[in-house]
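Asks: Please construct the entire structure, taking both the sequences and the accompanying hints into account.
As they're listed, the protein sequences go chains A and B.
Residue 328 in our numbering sits at position 328 of the first sequence, and the numbers go up by one each step.
Residue 82 in our numbering sits at position 82 of the second sequence, and the numbers go up by one each step.
Careful: at least some of the hints might be erroneous.
To spell it out: a stretch of chain A is covered by chain B in this simulated footprint if at least three of its residues, at any positions, have a beta carbon under 8 Å from a beta carbon of chain B; those stretches are [stated by the list, open to error]:
(1) 33-43
(2) 125-135
(3) 225-237
Hints listed in this document are in silico derivations from the structure and should not be mistaken for laboratory results.
Computed from a predicted model, the values in this text were never measured in an experiment.
Glycine included, each C-beta is placed from N, C-alpha and C at the ideal position.
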Amino acid sequence: MMRICHGAVLALAVIGLAACGRNAGEHSYRLFVFGTLVDITTYDAQRERSDRAVQQIEAAMQQIDHDWHAWRPGPFTELNARLAAGETVTLDTVALGQIRRAAQLSATSHDLFNPAIGKLIAVWGFHNDDAPSGPPPTPPQIYALLSARPTMKDLVFGDGNTLRSTNPSLQLDFGGYTKALAIDTAIAILQRHKIHNAIVNIGGDMRTIGRHGLRHWRIGIRHPQQPGAIASIETADDECIFTSGTYERYFEYQGQTYHHLIDPRNGQPARGVLSVTVLHKDPAVAETAAKAILIAGVSQWQYLAREMGVKQVLVIDQNMQFHATAQMASRVKFEITPTPDLNISKTVP
Amino acid sequence: MKSGDYLIVTLAAIMLIALYVNMWSAPQQAGDRVRIVAEGSEPIIAPLDRDHVYRIHGRLGDSVIEIHQGRIHFASSPCPGKQCIHAGWLERDGDFAACLPNGITVTVLGRNPRFDAINF
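Replies: Here's what the structure looks like:
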């Protein structure tokens, strides 16, 4: 009888383990926050635990979207109004740290990532959930905003967590940088729930932690001109993959296409590069470097990559020529045939 | 071991095989499938080889999504930009279109998805 009991325990254990495996497999969630899609995938975590973590992530992301939204009336538009009025504003340590970080990243990008040009982004019509319909702003409108030269250097970080601006034309617009902050917040929530294998993907930019069971996470990089993937990457444990692409937001007016990545040097949509993909540990660095390198253009991308300290970069230019750092070239796998030639940088280590 | 032990061990082995097949084998549907997600609703999973027209209710109104001859597209949508419609027909594993204003996404699913996520 005892042996039969042992056998029954064995059978139950098998069922239990199997059921546990099913419950702890891959769980996927799709949220709509930041005016875009947020996809969260967990692996090897209990369903209930994943559900709880994702509920907290959704609430946290909605709070971040509310707190940092560039044009919907809220704390951030109020901050912009007070800075423009020349007031000294007191902020909490976390918010101030995030603004200070953006200023540092802007400086290392030589102001090509310039979150102080919110007014320029607005005049192009991109302060809207939907794509604008045109017409584009007139040269005098652009010149008026450029001549005031708003940059993050206009911000003065004072004692007692205070902030003021010396330039009334400064209007902060953090764009994708906010999403990078939200990705870190989401990963921290997952880790607090002891979930160590996951992807947090906001609008196509993501941080991956851990693995998908016995293999790495496999990420496809979207083709800039047609549906499907152009290349793929297997991400290491805790790595971000961010792409800036001119195809993400744009409008057409009288046969001309205008995209949302505005070059702060001339106030026009950046030309010459279709997309830039950056791999980095830090999502804020990956996001701002991808954007700045795209704006820098084909002739200056390697200089910007060195300046921003990013070593894994893929650039696709408007002629569908591929440029990459050596480290990126060794990792990227093309998903198109024939396999394109890759111009490998000799100057980025 | 007694005969009862053999019975239990045999049953356990059969259950293990059944569970393995159930859990880890490829999906049973013939051909590729599509996942349609509307904000706040359960996802719709449908086979791509069966023509059908879906009317999906979103934030702004109804988007019409058509499956025809192994492909799927947004046929109409109440959004202003119509980028979902411009995305055209989707048919390959991982192809994806979204109507963000209306909160609806369409993803083509393969038998064994090649990617865990798409970066763009």
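Asks: Against each hint, give a clear statement of whether it holds in the structure.
Replies: The hints, checked one at a time:
no., hint, in the structure
1, 33-43, "holds (count 5)"
2, 125-135, "holds (count 4)"
3, 225-237, "holds (count 5)"
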